[in-house]
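Asker: What follows is each chain in one-letter form.
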Amino acid sequence: MKDEKKHISTYRSLVTVLVILLALTTISVLITGIHLGPVTVAVALVIASIKVAIVITQFMHLRFENLFLKLAVSGVFTLFALVILITFIDYFFR
Amino acid sequence: MGNDAQAGYLEYQGKYKGIAGWLLSTDHKRIGLLYLYAIIVFFFVAAFLGLLMRIELIAPGKTIMEPQTYNGLFTIHGIIMIFVIVIPGLAAVFGNFFLPILIGARDVAFPKLNLFSWYLYITGAVLGVMSQFMGSGPPDTGWTFYVPYSVESATSVIWALTAAFILGFSSILTGLNFIVTIHRMRAPGMKWMRMPLFPWALYATAWIQVLATPIVGITLLMVIAERVLNIGFFDPALGGDPVLFQHLFWIYSHPAVYIMILPAMGVVTEIFPTFSQKPVFGYGAIVVSSLAIAFVGYFVWGHHMFTSGMSYYARWFFSFLTFIVAVPSAIKVFNWISTMYGGSIDLKPPLLYAISFIFLFMIGGFTGLVLGALATNVQTHDTAFVVAHFHYIIFGGMGFAFFAGMHYWYPKMFGKMYNYRVANIAWVFNFVGFNLLYFPHFIIGIQGMPRRSYDYLPQFHTGHFISTIGAFILIAGLLLMLYNFIRAGRRGEKAPANPWHGVTLEWKIPSPPPHENFDEIPEITSRPYFFGSKEKANQ
Amino acid sequence: MTVHQTHTEHIDSETGKLGMWIFLFTELFLFGGLFLVYAIFRAKYSPEFHHAAEELNAFIGTINTVFLLVSSMTVAGALTAMQKGDRRMTLLLLSVTILLAGLFMVNKYFEWSHKFEYGIWPGSPVLKNMPHGELLFFGLYYMMTGLHALHVLVGMVLLSINVVKVRAGSVSSEHYLMLENSALYWHLVDLIWIFLFPLLYLIT
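Protein chains in written order, with our numbering: chain H, 1 to 94; chain G, 1 to 539; chain W, 1 to 204.
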């Protein structure tokens with residue numbers, strides 16, 4: 001039952017990831033100061049999605065996990081997006 | 001093949017003795033039986049409530065109860081049948097008992113979590129029953145808890161919502177357990193495409209349990225928030241939308257019906273090859289269609305809402321997808337029939353129930369298309385036609401598959417043989433009673449009989465009368481079937497390891513199985529459903 | 001080799017980890033229902049949502065975001081430390097994580113009580129007099145941040161249990177599945193907030 005070689009993140013890589021996340025946070029806060037209307041919102045959401053992807057792949061180690069898990073995570077987000085999209089087929093066209 | 005080294009799982013004495021040895025057991029087989037006994041009790045309670053409804057409806061006007069009582073009855077009948085019986089049912093009983101054995105494992109991935117699931121299940125079921133007696137009267141919203149009435153009703157709705165939430169959590173944890181079990185605990189050599197089809201069905205089901213149930217969980221919490229906090233999501237007076245509740249509710253509850261039917265299909269898929277002594281026809285097609293049903297089933301929920309005010313494009317989309325999802329089910333029917341074709345048919349009770357499953361399921365399925373087509377839906381929505389449709393699919397489908405599974409696996413689980421003649425007689429009562437009970441609903445439904453209606457116009461009397469007669473015949477059959485099993489447990493003949501000449505792993509171990517299933521974990525070298533020579537299969 | 005599942009004290013770590021990931025999927029869908037409601041009403045009441053969001057303090061929201069991002073790093077660092085066998089560092093980083101979570105909760109407490117002072121809570125008279133879109137915004141705000149806060153509390157409990165177990169030695173460089181899974185859970189708490197933050201605070 002011994003595990004295969006486990007990937008161990010270095011402290012340095014973890015700090016680097018954090019710095020990137022904080023930078024992205026700063027950008028999204030500053031962007032919302034600029035009034036670009038719906039574009040502002042879209043940008044904030046895109047940045048949030050990038051942050052989520054970084055947390056999942058780096059902090060949660062998904063980068064080093066097996067293919068099945070990677071597919072499952074993508075599948076879950078895709079399924080959720082589809083459900084929202086389909087619900088909007090009702091609301092958008094009423 | 002026998003082994004005296006391990007005690008049978010029924011007699012095994014581990015860390016705990018006596019009843020504690022059952023209530024604290026993490027043995028998947030004992031947990032399966034714990035679920036079985038609970039389900040039998042709750043099933044007969046809910047069936048009895050259904051019988052009371054049928055007695056009330058035998059004639060127009062009041063027969064034995066007031067309208068409010070009737071509303072409470074159909075609500076709790078639905079809540080128990082859906083959340084306590086049919087959704088957990090096959091997976092919790094036969095999945096728990098046989099999944100590890102069928103994949104050559106000693107137990108599921110998380111045995112303690114498995115026991116915890118059962119306790120959650122019992123808690124939820126008890127809370128559901130308590131909703132009848134606590135607070136301000138039994139809930140009368142129907143099991144679908146539609147707003148605004150579920151927010152306005154003065155009855156004990158929150159008890160029922162909480163019960164459903166907890167039962168959902170139990171379902172999620174079981175699904176999680178099964179997915180990990182199938183991924184990680186298959187015996188050496190059992191590649192994915194060498195796994196029998198009941199585990200495949202459980203796998204597809206488990207993903208639905210895991211990904212759909214949380215949505216109804218949060219939705220039920222939202223209804224509680226509406227009742228307690230006036231949160232407004234579903235209240236038009238505050239800017240909310242009651243149809244949004246319907247969306248959220250059915251986003252789970254439609255996939256939920258696939259949680260009900262996929263394991264049922266898995267069970268009969270095990271039965272057909274055994275009683276035809278022939279491999280399953282189209283193993284690959286059944287795998288793909290199981291996964292396809294689970295996946296496509298996510299996108300059809302709006303077909304419960306065609307008359308609720310959705311946009312034209314939404315109605316078109318959901319109707320189209322509903323027709324698509326029927327295809328993989330039809331493929332399975334074709335596979336089952338083809339499995340039997342040219343086989344050496346032995347019409348024992350399991351096969352009898354499996355064949356009637358096909359018949360009843362197809363009636364349910366075809367009438368589902370009537371409901372799934374937009375134009376005919378307008379006529380049939382919220383009528384007795386719907387009631388007939390879902391009882392044919394759920395009871396005729398999952399229910400009869402459950403009976404098939406019981407008759408198939410009883411000798412293995414309990415080490416005793418039941419009486420074939422009594423089983424067949426019970427089948428006659430069940431089959432005839434079932435059709436008499438539900439078929440008239442199709443007719444009076446199209447003629448305009450509404451569902452969930454305490455009273456009705458005189459022209460529907462004949463249909464209701466026949467239906468109530470059917471209910472009594474069915475109950476007699478169910479009780480006779482139960483009696484047969486109980487008597488077999490006490491005085492039945494000892495069952496051999498392989499009474500049906502099956503070829504999957506459960507038939508290679510003693511009846512009843514030993515505590516740890518296998519002396520040695522088997523190594524799998526061939527495809528499943530390999531019947532080889534007659535001699536080999538007769539071991 | 002036979003696997004005596006019924007007698008193991010430690011579940012195989014790949015198995016345990018897969019179980020936790022699947023549990024996280026269920027959590028995503030649990031919050032997902034609320035995100036769906038948000039999306040629908042946001043589309044319907046765009047201007048009111050913008051206006052209501054101005055009531056929220058974006059500064060505190062940003063601070064809280066920073067707290068959780070840092071806490072994700074510290075809990076990931078705690079896992080690294082455990083894998084390297086550095087018990088002291090593990091305990092230090094776990095404690096920092098719990099501290100940051102606590103600070104998050106303190107902020108949340110001040111945010112909510114500030115709103116209560118203004119008469120803004122689900123079902124309040126003030127809310128009833130607001131335009132519908134604003135009423136729904138605050139309903140979503142309370143339910144989403146409330147459910148999230150509940151998960152923060154659970155996470156704090158889990159991490160505290162890990163502190164106890166690391167000290168006792170039952171979580172070690174050989175057996176750290178519990179720590180790994182708790183860290184995954186904690187990252188999920190962070191993830192949910194990463195989405196909540198712009199949707200609630202930054203849409204002004």
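FYI, nobody ran anything at the bench for these hints, they're computed from the structure.
There's no promise every hint is true.
[Stated by the list, open to error] Taking lysine to aspartate or glutamate and the DMTMM-like style, the derived pairs with C-alpha atoms no more than 25 Å apart in a straight line are:
#, chain 1, residue 1, chain 2, residue 2
1, G, K191, W, E54
2, H, K6, W, E48
3, W, K115, W, E48
4, W, K84, H, E65
5, H, K6, W, E14
[Unchecked claim] Now the in silico label distances, taken between C-beta atoms and shown as ranges:
#, chain 1, residue 1, chain 2, residue 2, range
6, W, P125, G, Y312, 33 to 41 Å
7, G, L482, W, G146, 19 to 27 Å
8, G, Q68, H, L67, 30 to 38 Å
All values reported here derive from a predicted model rather than from experimental measurement.
Glycine residues also receive a C-beta, built at the ideal position from the N, C-alpha and C atoms.
Asker: Work down the list of hints and note, for each, if the structure agrees.
Answerer: Hints versus structure:
1. K191/G / E54/W: violated (57 Å)
2. K6/H / E48/W: Status violated; Cα separation ~50 Å.
3. K115/W / E48/W: holds (17 Å)
4. K84/W / E65/H: Roughly 19 Å between the alpha carbons, so the hint for K84/W and E65/H holds.
5. K6/H / E14/W: holds (11 Å)
6. P125/W / Y312/G: 33 to 41 Å: Cβ of P125/W to Cβ of Y312/G: about 40 Å, so the range 33 to 41 Å holds.
7. L482/G / G146/W: 19 to 27 Å: The hint (19 to 27 Å, Cβ to Cβ) is violated, given that L482/G and G146/W are roughly 47 Å apart.
8. Q68/G / L67/H: 30 to 38 Å: Given a distance of about 57 Å, which is not inside 30 to 38 Å, the answer is violated.
In summary, the structure is inconsistent with hints 1, 2, 7 and 8 from the numbered list given earlier, while agreeing with the others.
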